Structures are given as structure tokens and as C-alpha cells.
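J.: Note that the protein sequences, when read in sequence, are chains D and R.
The numbering of the first sequence is full-length UniProt numbering, which starts it at 1 and goes up by one.
The numbering of the second sequence is full-length UniProt numbering, which starts it at 1 and goes up by one.
Bear in mind the hints are in silico, worked out from the structure with no lab data behind them.
It is possible that some hints are incorrect.
[What the hints assert, rightly or not] Listed below are several chain D residues computed to face chain R (Cβ distance under 10 Å; list not exhaustive):
no.: 1; residue: Leu157
no.: 2; residue: Cys184
no.: 3; residue: Ser348
Only a predicted model underlies this, so the values are computations on that prediction, with no experimental measurement involved.
Note that beta-carbon positions come from the ideal geometry of N, C-alpha and C, so glycine has one too.
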Amino acid sequence: MKYIDEFQDPELARRLLDDIHAMATRPWALMEVCGGQTHTIIRHGIDQLLPEKVELIHGPGCPVCVTPLEVIDKALEIAARPDVIFCSFGDMLRVPGTDRDLFRVRSEGGDVRVVYSPLDALKTAQQNPDREVVFFGIGFETTAPPNAMTVYQARKLGIRNFSLLVSHVRVPPAIEAIMTSPSCRVQAFLAAGHVCSVMGTAEYPALAERFQVPIVVTGFEPLDILEGIRRTVGQLERGEHTVDNAYPRAVRAEGNPAAQAMLADVFEVTDRSWRGIGTIPASGWRLSERYREYDAEHRFSVENITTREPAACRSGEVLQGLLKPHECEAFGTTCTPRTPLGATMVSSEGACAAYYLYRRLGTTPTPQEASPVA
Amino acid sequence: MCLAVPGKVLDIEERDGTRMATVDFGGVVKEVCLEYVPDLKVGEYAIVHVGFALQRLDEESARQTLALFEELGLLQEEFGDPWEAAAAQGGQQAVPGADGAPAAAVGTTAREARQ
Numbered sequence: 001m002k003y004i005d006e007f008q009d010p011e012l013a014r015r016l017l018d019d020i021h022a023m024a025t026r027p028w029a030l031m032e033v034c035g036g037q038t039h040t041i042i043r044h045g046i047d048q049l050l051p052e053k054v055e056l057i058h059g060p061g062c063p064v065c066v067t068p069l070e071v072i073d074k075a076l077e078i079a080a081r082p083d084v085i086f087c088s089f090g091d092m093l094r095v096p097g098t099d100r101d102l103f104r105v106r107s108e109g110g111d112v113r114v115v116y117s118p119l120d121a122l123k124t125a126q127q128n129p130d131r132e133v134v135f136f137g138i139g140f141e142t143t144a145p146p147n148a149m150t151v152y153q154a155r156k157l158g159i160r161n162f163s164l165l166v167s168h169v170r171v172p173p174a175i176e177a178i179m180t181s182p183s184c185r186v187q188a189f190l191a192a193g194h195v196c197s198v199m200g201t202a203e204y205p206a207l208a209e210r211f212q213v214p215i216v217v218t219g220f221e222p223l224d225i226l227e228g229i230r231r232t233v234g235q236l237e238r239g240e241h242t243v244d245n246a247y248p249r250a251v252r253a254e255g256n257p258a259a260q261a262m263l264a265d266v267f268e269v270t271d272r273s274w275r276g277i278g279t280i281p282a283s284g285w286r287l288s289e290r291y292r293e294y295d296a297e298h299r300f301s302v303e304n305i306t307t308r309e310p311a312a313c314r315s316g317e318v319l320q321g322l323l324k325p326h327e328c329e330a331f332g333t334t335c336t337p338r339t340p341l342g343a344t345m346v347s348s349e350g351a352c353a354a355y356y357l358y359r360r361l362g363t364t365p366t367p368q369e370a371s372p373v374a
Numbered sequence: 001m002c003l004a005v006p007g008k009v010l011d012i013e014e015r016d017g018t019r020m021a022t023v024d025f026g027g028v029v030k031e032v033c034l035e036y037v038p039d040l041k042v043g044e045y046a047i048v049h050v051g052f053a054l055q056r057l058d059e060e061s062a063r064q065t066l067a068l069f070e071e072l073g074l075l076q077e078e079f080g081d082p083w084e085a086a087a088a089q090g091g092q093q094a095v096p097g098a099d100g101a102p103a104a105a106v107g108t109t110a111r112e113a114r115q
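Use the sequences and the hints to build the structure in full.
T.: And the structure:
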């Protein structure tokens, strides 16, 4: 096995792979929801170690990738204002808007700062009372609670020069959208472990039942992924479709109730547009009415934004698992990390970035490389 | 950004009415909010995402994950200088920002922190 010695416990990896090979009798298509899982899979060649019958489809779970162009353009416009300090996580810096990115805005004089935590942005607001400090609040259920707490703190401490540009998204409606798409081939999900650390598993049984799909909560390390695949294929072969937790060291069924309570206080569920996919009902959060004064979209006039999606970018199909990155005509030619057409090529969790970084250019592995018994 | 990294709680204090901790991520030390795991104690480990502890983790799992993340360069990705990384990705020059900090000095890498 080509990459197996790089696994933390090569012997266990071999045993898990042998199990999967022994179990799989029919073709199965599994979607890993999270972009972090995609990177582990590609980096370790896990997809090439699996039986040919077991296909991994990359899901939409990269928050940077699914942030719509319109929101990126709003961020860029706000960040360029002289009265604004714009704070963001580092992986948004090179996400392309219609005609520039945050990196470019900073080089043109915009006060763009990278923070490790949203609380750092709040501290920046306290230290700069004469400036408007805006934090770019993107992300799934893992990132939303920290941002919710930050807005709660801002209100509690009476900090008025702080606001959040919100583009939070939720996983369960995305699963529903994928399963109801006519072109859907997904038969099971490896659910995103850290999303479930916060939300628990309560939202999943109804989805597993309705769409008759196994949903296995899975971590991010190579062995976590293999264990998740082993349990998923086992369910599929037995004709089961239950919710199973293969990441118990970090996920409890109830999730984190304190974080859920803060989410319910600060945010309310809303329809959200996903880049390349379109609007998914009830798939995101916005600030609730009592926190509306902290909403950057209300504070700054950014309604009249004109956006232009590059026609050549097929990231929407990649995010829905309909296209592998290297099957896109622009991949590695007009679209590279240096000249990205879409966020999937520059995000640290983007599927196109993973394929580019690990040189997956569409070549088929040799039988020797792909065989689990080599 | 979605990566959540295990860390060890070094000390805990109330700040502005909020429970905060100093947490060690295999050499990089950061301030972390404990409001979502309020019963976490000094010496324990937790999964931390963007400065917030989200779940308690046992020590062995935490140590294994941290060792793996360092080997894979993920700690550098999480705690390294984002401006430098973005510049390298784009084949551009990182410029000092209005905050006055030269781009290359914004972050502290795991390796630097341990020296």
C-alpha cells in the first residue's frame, strides 16, 4: 500500500482496510461532508486504498468555499472603507471576489487584520474606539458559537463600534438539498465530527430515515476516516440506515448544550445562498432581531453590490459531489492557487486545493498502488 | 479554519466576567474562552476552535492528535503567519498593514514558540 506507512498506526490501518475490502460486495458512494476530511483523504491517498467498489464523493463542507460571491464582495467593500478595521480568519485572504480579494484590499491601503479568534476582533474594537471594527463571521456550526459569544460579549460590555458580517451555514439542510437533487448518487454520509461536537446527533436520525442513508459521525485523522468508512460500508451491506458515532472521544449525542443555547439566543435560522449551489431553505443563521444593531450589513450600505461569477468556474458541481476537481477544464490551467477562479482552489479545506496540492491530476493509480495487500 | 486543535489548559481566570484560559497547543500558547466547557480544569485537555473550547478530550487522544497535526504541518497552517502564507500562495509580496506589523511577524509558529 503506497501511503500506509505514513499512518499513525499502520497495522490498525491495514486491519481496517482489510475489513472494508472484505465487506464491500457492491458499488457504494459515500460523501464525506467536511473539507477537512477531504484533505485527509487526498493527502493520505485513502480513496486509492479503498476497494474500487467504494467511492468517496467530496461534500460541501468547506465554509470558505460556500460563502457566496455577493458576501465576499460586501466584505471587500466594507474592508476598503477608511473608517473600518476589517478582521477575518486567515483563510479568507485570497478568496476571490468579483475583481479582487482581501489580500489586495490590504495592499491598496485597507486596514485588514487577521485574527485567531473573534474575541481578538472584539479586543481590537475596544482598543480603537474611534474606528468601526467588522468581523467576517463565516462558518458552519463549529464556528457559529464562538461568533455568537463575541456578539453577546459586545452587547454585555457596551461596545458599539463592533459588528459582524454574517454568512453562517448549517449542515443538515445541505444534506437534505444534496439528497433531493435529481442527480444525487450519495448513498451514505460521513458526518463532520466537529460540527457534531457542538450540535450533537439529534438532527440526523430524521434525515437517515427519510432518505434511507447511513450517517456515521467521523473525525479527521486517517484512522478516524477509515473507521467511519468501515462502519458505513457495514451498514450499507446489511441494508441498515442508522446514525452511528465513530468519533466518541470528541462527540457526545447531546453535543454542547451551552453552545446551542448561545446560538439560539444570538442567531435565528434563515435561508442562505451557497456559492455555486444557490439558495438552500433554512440553511443558515443571521443575527436575531435583538442583536440586529451588530449586523454589518445593516450598519454599512452594501446592498448595491454587483457580482460576476466567473463562467469557467465549476466549483458548484464540485461542492455537490457531481464533479471531481481534476475533471474541470480550468483545473490546473486557468485556475490555480495563484490565479483561483473560485474559493475551492484557495481554501485550506477546498477540494480543488487538495487535488492541486497533492498532485491529483486525474491519473489512475496502478493496481500495485491501489491494492491493500501490496 | 474548521480545524479544531487539542490543547492543554495551563491556567484559568475570569476576565470581563468571562471564564478564560491560557492553553498550550504543542508549544503555541493562546488565550481560550471556556464559557462553553465551564467545568474544564487546569491540566485537562479540550478541543479548541477559533479560541473557544468546544469539548473536553482525554489526554492520550489529545497528545496523539497534536503529534499528528505537527507532523502534517497543520499546526503551522493554523498558527503560522497567514499573510506570508497568502503571499506565497499568490506569488506576491506580503506588505505591512495599517496595524503597523510587518506581515511576516504577525503570527508565531509552533517551531519558533518552542525555541
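J.: Decide, hint by hint, whether the structure agrees.
T.: Hint check:
Contact between leucine 157/D and chain R, as hinted, is supported at the beta carbon level, the nearest pair being about 6 Å apart and thus within 10 Å. A cut of 10 Å between beta carbons decides the hint on cysteine 184/D: the least distance to chain R is about 24 Å, and the hint is violated. The criterion of a C-beta within 10 Å of any C-beta in chain R is met by serine 348/D, whose closest approach is roughly 6 Å, and the hint holds.
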